[in-house]
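Asks: Now for the letters of each chain:
Number of protein chains: 2
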Amino acid sequence: MTDITNIDIAKATRLLNHGPTTLITSAYAGKTNIMAAAWVCALDFNPPKVTVVIDSKTYTRELMEAAGTFAINLPCVQQIEMVKQVGSISGRDLAGTDKFAEYGIETFAAKAISAPLVKGCVGWLECKIIPEPHTQNTYDLFIAEVVAAHADERVFSDGRWHFEGHDNLRTIHHIAGGVFYATGQQC
Amino acid sequence: MTDITNIDIAKATRLLNHGPTTLITSAYAGKTNIMAAAWVCALDFNPPKVTVVIDSKTYTRELMEAAGTFAINLPCVQQIEMVKQVGSISGRDLAGTDKFAEYGIETFAAKAISAPLVKGCVGWLECKIIPEPHTQNTYDLFIAEVVAAHADERVFSDGRWHFEGHDNLRTIHHIAGGVFYATGQQC
Numbered sequence: 075m076t077d078i079t080n081i082d083i084a085k086a087t088r089l090l091n092h093g094p095t096t097l098i099t100s101a102y103a104g105k106t107n108i109m110a111a112a113w114v115c116a117l118d119f120n121p122p123k124v125t126v127v128i129d130s131k132t133y134t135r136e137l138m139e140a141a142g143t144f145a146i147n148l149p150c151v152q153q154i155e156m157v158k159q160v161g162s163i164s165g166r167d168l169a170g171t172d173k174f175a176e177y178g179i180e181t182f183a184a185k186a187i188s189a190p191l192v193k194g195c196v197g198w199l200e201c202k203i204i205p206e207p208h209t210q211n212t213y214d215l216f217i218a219e220v221v222a223a224h225a226d227e228r229v230f231s232d233g234r235w236h237f238e239g240h241d242n243l244r245t246i247h248h249i250a251g252g253v254f255y256a257t258g259q260q261c
Numbered sequence: 075m076t077d078i079t080n081i082d083i084a085k086a087t088r089l090l091n092h093g094p095t096t097l098i099t100s101a102y103a104g105k106t107n108i109m110a111a112a113w114v115c116a117l118d119f120n121p122p123k124v125t126v127v128i129d130s131k132t133y134t135r136e137l138m139e140a141a142g143t144f145a146i147n148l149p150c151v152q153q154i155e156m157v158k159q160v161g162s163i164s165g166r167d168l169a170g171t172d173k174f175a176e177y178g179i180e181t182f183a184a185k186a187i188s189a190p191l192v193k194g195c196v197g198w199l200e201c202k203i204i205p206e207p208h209t210q211n212t213y214d215l216f217i218a219e220v221v222a223a224h225a226d227e228r229v230f231s232d233g234r235w236h237f238e239g240h241d242n243l244r245t246i247h248h249i250a251g252g253v254f255y256a257t258g259q260q261c
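Respectively, the protein sequence lines represent chains L and X.
Residue numbers for the first sequence follow our numbering, so the first one is 75 and each next one is one higher.
Residue numbers for the second sequence follow our numbering, so the first one is 75 and each next one is one higher.
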């Protein structure tokens, strides 16, 4: 945890420029959930905004709409199995528990929102939904402002990623059907 | 060119799942342009839809709004220098020529739209804008339906990427300031 640093909010979207797969966490009224999401994208620089696509049937959607906030966590190579696990089941189907307990996923508190942040990830964006009912209801597309951002300074500092020497901390990119590629060589 | 195959439209968004940096091409009334864009994302499966963020000051914006269509081209490692070039100047500032002529960028005809497709890329999505004036004007965010898609079958077939053995054809991911990472190892 000592490697986590706050990021200049004006550079928060740089966490997402390269299109990594994410984990969306949400919390409302004592309930929490986590899901994998690849369709997450930067939208604006400062104040930073993002778009996320969240299916209307998901438990995450229910919690994030109720709370008005959610977190984007950026998992890395050493978390691949956990990412596959949380992407394969709905938190709604876990009677009396949640995915964090079910899979032993440790979290820490966000600065500005209720959603928990996932330990072991390499980047985190705390997001507040900008209500846009038409795009939400028509396209399952949410627009949000990033109100705080953090990163593992071993692989992100001075506003950019640098994965060299940390292969297990490289971000991941979903292809299809549970197959991922790591972020590769600088070119 | 013999390596290019049409893609089942229901799997077109798989070209974008892993968040590659793109080249947006556009054409209207005899004018054409090309720009680099990292903020491009899948939105829906079938019919496939995408989101793209295009600044209101760009020449691309002018042409794509006039035509109602544009193409998303997916460049690869061996095109890095060209991607940097087209991202560093506006086509509006090139008197009497365009970026294709200026940088010797070869193209081929799209199937369903007017925008040219860039030779040497490894994936192409032909897109028709779904008019959403509020999101376009407020956020520079465009929603579009993918009406045709193609890929280089050496690295994409049966609905998924497979870059092994083709390092020069790996897609690229922009970090910041002209620094890119290639799509890396499967994990």
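Among the hints, erroneous ones may be present.
Copies of the same chain look alike in the list, so a pair counts if it works inside one copy or between any two.
As the list claims (entries may be wrong) - In the BS3-like style, the derived pairs of lysine-lysine whose C-alpha atoms are separated by at most 25 angstroms in a straight line are:
| # | residue 1 | residue 2 |
| --- | --- | --- |
| 1 | Lys85 | Lys158 |
| 2 | Lys105 | Lys158 |
| 3 | Lys131 | Lys185 |
| 4 | Lys158 | Lys185 |
| 5 | Lys202 | Lys131 |
| 6 | Lys85 | Lys105 |
| 7 | Lys85 | Lys131 |
| 8 | Lys202 | Lys85 |
Hints were generated in silico from the structure; no laboratory data involved.
Asks: None of the hints should be skipped; say for each whether it holds.
Replies: The hints, checked one at a time:
1. Lys85 x Lys158: between (29 angstroms within a copy, 21 angstroms between copies)
2. Lys105 x Lys158: within (21 angstroms within a copy, 46 angstroms between copies)
3. Lys131 x Lys185: Cα proximity of Lys131 and Lys185: none, with 28 angstroms in one copy and 35 angstroms across.
4. Lys158 x Lys185: neither (27 angstroms within a copy, 37 angstroms between copies)
5. Lys202 x Lys131: Within one copy only: 20 angstroms inside, 27 angstroms across.
6. Lys85 x Lys105: neither (31 angstroms within a copy, 35 angstroms between copies)
7. Lys85 x Lys131: between (32 angstroms within a copy, 21 angstroms between copies)
8. Lys202 x Lys85: within (17 angstroms within a copy, 31 angstroms between copies)
Checked against the numbered hints given earlier, this structure breaks hints 3, 4, 6; the rest are met.
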